[in-house]
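> Given the coordinates of chain H, work out where chain Y should sit on it, guided by the hints.
2 protein chains.
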Amino acid sequence: MLYHIRMKLDDATRDDLYFMREALNEARAALSCGEIPVGAVLVSENEIIGRGFNRRVSQASPFAHAETRALEDAGKRMGNWRFDGCALYVTLEPCPMCAGAIVQTRVARVVYGAADPKAGAGGTLYDILRDPRMPHRCSVTALVLADESREMLREFFQSKRRAPL
Amino acid sequence: MLYHIRMKLDDATRDDLYFMREALNEARAALSCGEIPVGAVLVSENEIIGRGFNRRVSQASPFAHAETRALEDAGKRMGNWRFDGCALYVTLEPCPMCAGAIVQTRVARVVYGAADPKAGAGGTLYDILRDPRMPHRCSVTALVLADESREMLREFFQSKRRAPL
Numbered sequence: 001m002l003y004h005i006r007m008k009l010d011d012a013t014r015d016d017l018y019f020m021r022e023a024l025n026e027a028r029a030a031l032s033c034g035e036i037p038v039g040a041v042l043v044s045e046n047e048i049i050g051r052g053f054n055r056r057v058s059q060a061s062p063f064a065h066a067e068t069r070a071l072e073d074a075g076k077r078m079g080n081w082r083f084d085g086c087a088l089y090v091t092l093e094p095c096p097m098c099a100g101a102i103v104q105t106r107v108a109r110v111v112y113g114a115a116d117p118k119a120g121a122g123g124t125l126y127d128i129l130r131d132p133r134m135p136h137r138c139s140v141t142a143l144v145l146a147d148e149s150r151e152m153l154r155e156f157f158q159s160k161r162r163a164p165l
Numbered sequence: 001m002l003y004h005i006r007m008k009l010d011d012a013t014r015d016d017l018y019f020m021r022e023a024l025n026e027a028r029a030a031l032s033c034g035e036i037p038v039g040a041v042l043v044s045e046n047e048i049i050g051r052g053f054n055r056r057v058s059q060a061s062p063f064a065h066a067e068t069r070a071l072e073d074a075g076k077r078m079g080n081w082r083f084d085g086c087a088l089y090v091t092l093e094p095c096p097m098c099a100g101a102i103v104q105t106r107v108a109r110v111v112y113g114a115a116d117p118k119a120g121a122g123g124t125l126y127d128i129l130r131d132p133r134m135p136h137r138c139s140v141t142a143l144v145l146a147d148e149s150r151e152m153l154r155e156f157f158q159s160k161r162r163a164p165l
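So the sequences go chain by chain: H and Y.
For the first sequence, this note's numbering begins at 1 and goes up steadily by one.
For the second sequence, this note's numbering begins at 1 and goes up steadily by one.
It should be emphasised that the hints constitute simulated quantities derived from the structure, not laboratory data.
Hints should not be assumed to be uniformly reliable.
The list makes no distinction among identical chains, and a pair is therefore deemed to hold if it is satisfied within one copy or across any two copies.
Below are the SDA-like pairs computed for lysine to any residue, each with C-alpha atoms no more than 20 Å apart in a straight line [claimed, not checked]:
1. K118 / F157
2. K118 / E155
3. K118 / P135
4. K160 / A60
None of the values given here were measured: they were computed from a predicted structure.
Bound conformation, chain H alone (with noise of 0.2 Å):
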């Protein structure tokens, strides 16, 4: 079944635009480390309290999400893992694995860019963040400055496409 994006661009106010660019200077970051291009910052309170870029790659790990490097971030920061009152800003929708981590950290609200057709788990191919069914459910907002993240994934896969083998 394909569940709808609810596109709520309008509730995307300025404080969002302003940490989703730094979760898009997260994914440059890992641009620079020849990684897939994706980024996070984790926010409580209009103060940003994880980052994290995707490092599969370099860190050798499927787990080195953008998401849950930025959770673990802030946990290790915080000392703390329970992210109640905290918003998520990630560049491209989360996969089932992070989106489940999202949940279990009980983070309120998740703001993502890109939708991914292939694995999104935040209203695309599953909507585990908003599952009534779960122990906790976030508020989602999607496709905010999709375009940017977007265009970052495409030049990616097009530039790895014309590297000489």
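Chain Y in isolation, oriented as in the chain H frame:
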């Protein structure tokens, strides 16, 4: 929506029972650390290449489920995160986070014990492991030694309720 768990008890071989008992031993190790008793082993060509048990409290990490610990253990031992051809035995149905991690590491087969009506992503709330839309699919054998697993969980939660405040 609810997916149907295909009860494949007939599919559980003697090897499956052997490896599920090893996963139950891991669950007992969790119990002896005061953790929710869930255990897992990853098997390649009839040999255990990774072990793990739930360590959310002791590792102070929401990611430290039995499945991710077993996958990490195997990844470190083997220097490789692609578990094509491997089978993961876990005493409780994987949650969305773990199911997502399992799919990403290309585990070929998942054998689980008790179903999880609250967060099961192996056929109960979601069927992430067998979703034809995802980049990789596993075969799933459910409810192998489920009573043993469920009983251990039941005793754990009962003892918690009994414990003095």
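> A separate judgement is required for each hint: does it hold in the structure or not?
A quick look at each hint next to the structure:
1. K118 / F157: Result: close within a single copy only, 15 Å intra versus 38 Å inter.
2. K118 / E155: Only inside one copy: K118 and E155 sit 18 Å apart there, 41 Å across copies, limit 20 Å.
3. K118 / P135: Answer is between: at 7 Å across copies they meet the 20 Å cutoff, but 25 Å inside does not.
4. K160 / A60: within (19 Å within a copy, 38 Å between copies)
Checked against the numbered hints above, the structure violates none of them.
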